[in-house]
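J.: Chains as they are written, first to last, in my numbering: chain A, 1 to 916; chain Z, 1 to 443.
The reader is advised that the hints may include incorrect statements.
With a Cα cut of at most 30 Å, we get these calculated BS3-like pairs of lysine-lysine [to be verified]: (1) Lys-353/Z x Lys-278/A; (2) Lys-63/A x Lys-59/Z; (3) Lys-541/A x Lys-268/A; (4) Lys-102/Z x Lys-323/A; (5) Lys-202/A x Lys-268/A; (6) Lys-165/Z x Lys-201/Z; (7) Lys-222/Z x Lys-202/A; (8) Lys-323/A x Lys-165/Z; (9) Lys-32/A x Lys-59/Z; (10) Lys-59/Z x Lys-572/A; (11) Lys-102/Z x Lys-130/Z; (12) Lys-353/Z x Lys-327/Z; (13) Lys-323/A x Lys-211/Z; (14) Lys-127/A x Lys-143/Z; (15) Lys-289/Z x Lys-318/A; (16) Lys-428/Z x Lys-279/A; (17) Lys-211/Z x Lys-222/Z; (18) Lys-32/A x Lys-130/Z; (19) Lys-572/A x Lys-587/A; (20) Lys-25/A x Lys-211/Z; (21) Lys-264/Z x Lys-268/A; (22) Lys-289/Z x Lys-22/A; (23) Lys-368/A x Lys-59/Z; (24) Lys-211/Z x Lys-84/Z; (25) Lys-289/Z x Lys-355/A; (26) Lys-41/A x Lys-95/Z.
If you're looking for bench data, these hints aren't it; they were derived computationally from the structure.
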Amino acid sequence: MLCFHVCAGEIFELKAELNSDKKEKKKEAVKKVIASMTVGKDVSALFPDVVNCMQTDNLELKKLVYLYLMNYAKSQPDMAIMAVNTFVKDCEDPNPLIRALAVRTMGCIRVDKITEYLCEPLRKCLKDEDPYVRKTAAVCVAKLHDINAQLVEDQGFLDTLKDLISDSNPMVVANAVAALSEIAESHPNSNLLDLNPQSINKLLTALNECTEWGQIFILDCLANYAPRDDRESQSICERVTPRLSHANSAVVLSAVKVLMKFMEMLPKDLDYYGTLLKKLAPPLVTLLSAEPELQYVALRNINLIVQKRPEILKHEMKVFFVKYNDPIYVKLEKLDIMIRLASQANIAQVLAELKEYATEVDVDFVRKAVRAIGRCAIKVEQSAERCVSTLLDLIQTKVNYVVQEAIVVIKDIFRKYPNKYESVIATLCENLDSLDEPEARAAMIWIVGEYAERIDNADELLESFLEGFHDESTQVQLQLLTAIVKLFLKKPTETQELVQQVLSLATQDSDNPDLRDRGYIYWRLLSTDPVAAKEVVLAEKPLISEETDLIEPTLLEELICHIGTLASVYHKPPSAFVEGSRGVMHKRLPARTGSPDVGTIAGGSGTETAPSIIPSQGDLLGDLLNLDLAPPTTTGPPPPTSGMQMGGMDLLGGGLDSLVGSPMPPRHASGLVPWHSSVDDLCPQVWLPAMKAKGLEISGTFARRAGVIQMELTLTNKAMSVMTDFAIQFNRNSFGLAPAGPLQVLSPLSPNQTIEVSLPLSTVGPVMKMEPLNNLQVAVKNNIDVFYFSCQYPISMLFVEDGKMERQVFLATWKDIPNENESQFQIKDCHLNSDAASNKLQASNIFTIAKRTVEGQDMLYMSIKLSNGIWVLAELRVQTGNPNYTVSTEDGWGTTGGAVDSPSCVYVVCGSCYEV
Amino acid sequence: MIGGLFIYNHKGEVLISRVYRDDIGRNAVDAFRVNVIHARQQVRSPVTNIARTSFFHVKRSNIWLAAVTKQNVNAAMVFEFLYKMCDVMTAYFGKISEENIKNNFVLIYELLDEILDFGYPQNSETGALKTFITQTGIKSQSKEEQSQITSQVTGQIGWRREGIKYRRNELFLDVLESVNLLMSPQGQVLSAHVSGRVVMKSYLSGMPECKFGMNDKIVIDKQGKGGATDEAGKSDLGGSGGGGGKQSIAIDDCTFHQCVRLSKFDAERSISFIPPDGECELMRYRTTKDIILPFRVIPLVREVGRTKLEVKVVIKSNFKPSLLAQKIEVRIPTPLNTSGVQVICMKGKAKYKASENAIVWKIKRMAGMKESQISAEIELLPTNDKKKWARPPISMNFEVPFAPSGLKVRYLKVFEPKLNYSDHDVIKWVRYIGRSGIYETRC
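With the hints as extra help, turn the sequences into a complete structure.
T.: Okay, here's the thing in structure tokens:
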């Protein structure tokens, strides 16, 4: 809509004025041109005329012309050259203000031909006698680097810039630091900033003398430094703390960042550690009296700080009370922090406040306040009763969104305190009709299903929801399905029809794959083994824990390193919103060095246990359902060797244990069984701990993708120096695995940096039988040393895609293989029918050749081809209703080793299909 | 760093647009207009991310200032810069209005060129800027003048130039406090704090070293322990405290103008500095303990049936009877469905303002230890709105001639080694003003 066309007449008029002899008239004309430019009109046609005005001793006019040049030079590169001479001349002007102006402007003209001419004047200006010119030239290096990085390196400007860090003028130092920090960001591995105790000392000295902005640049740069030990860390902290009294909030926040980061290294029993903690609280509180926009930034940061170190602000609850006139964004953030700080000591006050808030005008705020009451109930057990009665009061107000929000949180309270507050269910049911939001409907349905035996008309209630089944959102549909199945298992006699209805709605009439799958699972469960179904669906649920919406610890650490920046406002790592963040560098907190627990990341005081996380409201329902499906907690996965009949040889080895025996390391800290887990996305294991490899940590996993075996490595540099020249080699192994290419670590790995590398493997390397069979010995080399480690890969990785045998061949081969090569074992607790199992196995290249049913048993005949051409044949017996499978295998290799290994994979695959 | 800076009028038309980084295009200007200025709902955050571009904005009357970036910038710095930018503009041409911006656009571009280089904030002290960015065109400068300018802009004392001369050395200290209160209907203090500022206007020659002292508990206790006689007491500027004669006060936290040597404060808790010429905010502080609450509000709201409310509010002043509070205003919110209000008050004037949904009761002056009362009958229209009236708190405004925190200035010593005037020759003035911040009582 702002598309202006400057009419030819106007241009003509301006042209005439620009070429006027009178200085005043000229200046007025240039002003008019700039005014047109500002509103978006295209006045580039006047380029030569404006440039003609450049040679003037009137500084104001010169500045205007420069402004014009910066805007249009890029679109008129050839004509921009006309300006070069004047620039070069101005860089020699006796007036430092003009020299600086010229070099500043030249850096903003992004035309290659001009940048060539810029080098010489810039070199002079970097060494100018006047600090004003030097500080401008320092920034100009960053500008030039943005246009042509190579040129800056070739011309040696980076070294000159480094020298400026020792300049006598604090502002020159500050700008040099800013420029270097920016350049270093695009070369994550260059040792550009080369922070060492000497340069840190210089920076700390300049810190006391430079402008508020300079202090921010320096503090932000300091935050990237890794002190050698706790002593150095303390001395830096001591020199940074005075900044906490600065009037500029950004200086304060950057100082807080440095302190929060370096504090990690201080031993907790140190007196100074306690002093520092105490010093942090008042300035953070003071930030809340700043302008609202800054308050918002401060609150987002305090939210992080409170999660990392709750002790700092635990006595400051009151300052987070919401003021009536706070902007809504401040109110919402304060509320968040209030809940985090709520404890037994202050809960009465908090509740009184929250009750006030629940009567305010802003809908979002009121909802959040209601939700907060529920969170308090879960967090502070002593207050649960009062919270519930407060929520009931709020439900009585009948304000629609308040009621819905209250029901959602009451569901959580039921989860946390089972068999305590169910008396309120009647009140909740009264409001059934007014619920129009999916989340509230789903919560209510969950409650009805969960307590079906206590609600006389549960079937009627659920039936009433069923009428509009297809108009409901997925969330509600899923919940309704589960609730009705629960109801059926509790009152099977009256509700058979209802359950039939919902199962057919879910499986036949729905396009939603989640809903269909869940429907089928229930259906099969109910039809095969109702007792097992009961055990699964009505299994006891683990309690939900108190802390909610916590940021995941590694992300939190990274965000703490970004205090004050946009990342801390968005609560997202910079890579999530910065385009092309080259060489994504994840910042991490340093490890404590003074105490023996090297390498552990200190989270709060020693006695604290890391708070476990329950997912935020939105995810909760999904997870509840996961729980319903998870195996009953009493029956753990079978021990790996229980069902195997093998000759006492421990061929399985430790590597397979991780697949077969021990469950996946829980990724949800709440202990929920992960929803998806297949061989392919195993959690990486640490293969080479940093302690054993001079600071290099290697973890990894294996995967087969599109027929190629991949070794996924994660390399982390935990040492203080940069690592380069990586290479990898394998020892001879059972299946001839070898790297198909070099290890692709292109850029040097700087301290605390992590890189993920995918290494394709071939199977044509030299063969040697290993013990265990799937053992792989690896050597990794870098500029520091050579390191050795061994790991084990899942055999299923070696199953090739063309492993489907002809039926006839299969029959013949089966007969040909001697009986000694056969082994048999059982897979326990696999609740899948034979078809589903077969499909799942096929995904891992285990092919079903034939199937027949004998005496109620499904017999599946399957074939597997290993990468070295060996065939493994298997027979899988599945008895309907019996979760245990029997597998017999034969292979053509003749060694039991091969035979035993592969079925174990069959188990793994079965296990994974069971879970999905 | 900051990639660009735009100023818009209330319609979203661009008044100033300055781009510092190549990654910010003209489309960013429009994106902000469409998504924020023209957005229908209330502003939900001062930081907006549109298509991977982040916009920081502040509003001054109906002018929008927006800083744009694509990088992970220091967000606190960007806002501080925007505020500073407003200060600088105000110092140059007064109120930030569309007209003023349009009339001074050349100046603004010149300023933006100077105080932001490639998106990095540079020296933005008006004192320094005014020496070489003027509205009247640059006078031809001598070489000495030029180097003086550059050394000041980049120097350690960037806020003050050398060679300032006054015939009469004079300084004014204003202790300005705003007292904040949130009280429950039962008269329980839910939260209270004072946020105070010490504003200094100085007209001193040369480069004067100043030292400022107040009745800070930590300092007084330290001196008491040391057994040293209070030598500073001799030059005590005195102060007319309003409440009790408190000896010292506990300061929760304070921040200082950048002229104050922070490391010295951290080590010895002494406040020493070379002040900028003219006015500056020397210090900000916050106290929460032993605050003198100048007024107490006692509300009584009674609902008579569904269509009538009876409100009675008593205010009591709580300071020395010899002092006078001024500009007292009590704001009693009324429900949205109010149809009529009848008010009787003992003192001052009270009016029902329908547009503001409140009864506003104004009293010009009131001495300490007095009380006054207002009663009102509010007629309500019957509504079928199920939601109860939220009852916003009763708020109050006032001004009192003392510092509610109890802060007292003990001394401000001036020392100029090169010129021949001493601390005694400086004429010093101190004034205390306590104002209401957010002073609310729930009803």
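J.: Does the structure keep Lys-323/A and Lys-211/Z at a Cα separation of 30 Å or less?
T.: Measuring from Cα to Cα gives roughly 37 Å; hence the hint is violated.
J.: Does Lys-59/Z sit within 30 Å of Lys-32/A, going by the straight-line distance between their CA atoms?
T.: Holds, at roughly 27 Å.
J.: For Lys-353/Z and Lys-327/Z, compute the direct alpha-carbon distance and say whether it is at most 30 Å.
T.: holds (18 Å)
J.: Does Lys-323/A sit within 30 Å of Lys-102/Z, going by the straight-line distance between their CA atoms?
T.: Violated, at about 37 Å.
J.: Hinted pair, alpha-carbon criterion (30 Å max): Lys-59/Z, Lys-572/A. Please report holds or violated.
T.: holds (26 Å)
J.: Take a quick look at whether Lys-428/Z and Lys-279/A sit within 30 Å of each other, Cα to Cα.
T.: The given pair, whose Cα atoms are some 34 Å apart, is violated under the 30 Å limit.
J.: Hinted pair, alpha-carbon criterion (30 Å max): Lys-541/A, Lys-268/A. Please report holds or violated.
T.: violated (38 Å)
J.: Is Lys-368/A close enough to Lys-59/Z, meaning Cα to Cα at most 30 Å?
T.: holds (27 Å)
J.: Just to be careful, I want the Cα atoms of Lys-202/A and Lys-268/A compared with a cutoff of 30 Å; is the pair within it?
T.: Given pair Lys-202/A, Lys-268/A holds - Cα atoms ~28 Å apart, limit 30 Å.
J.: Does Lys-268/A sit within 30 Å of Lys-264/Z, going by the straight-line distance between their CA atoms?
T.: holds (27 Å)
J.: Between the alpha carbons of Lys-211/Z and Lys-84/Z, is the straight-line distance 30 Å or under?
T.: Roughly 26 Å between the alpha carbons, so the hint for Lys-211/Z and Lys-84/Z holds.
J.: Hint check: Lys-222/Z vs Lys-202/A, CA-CA at most 30 Å. Holds or violated?
T.: Roughly 33 Å between the alpha carbons, so the hint for Lys-222/Z and Lys-202/A is violated.
Of the numbered hints stated above, those contradicted by the structure are hints 1, 3, 4, 7, 8, 13, 16, 20, 22, listed in ascending order.
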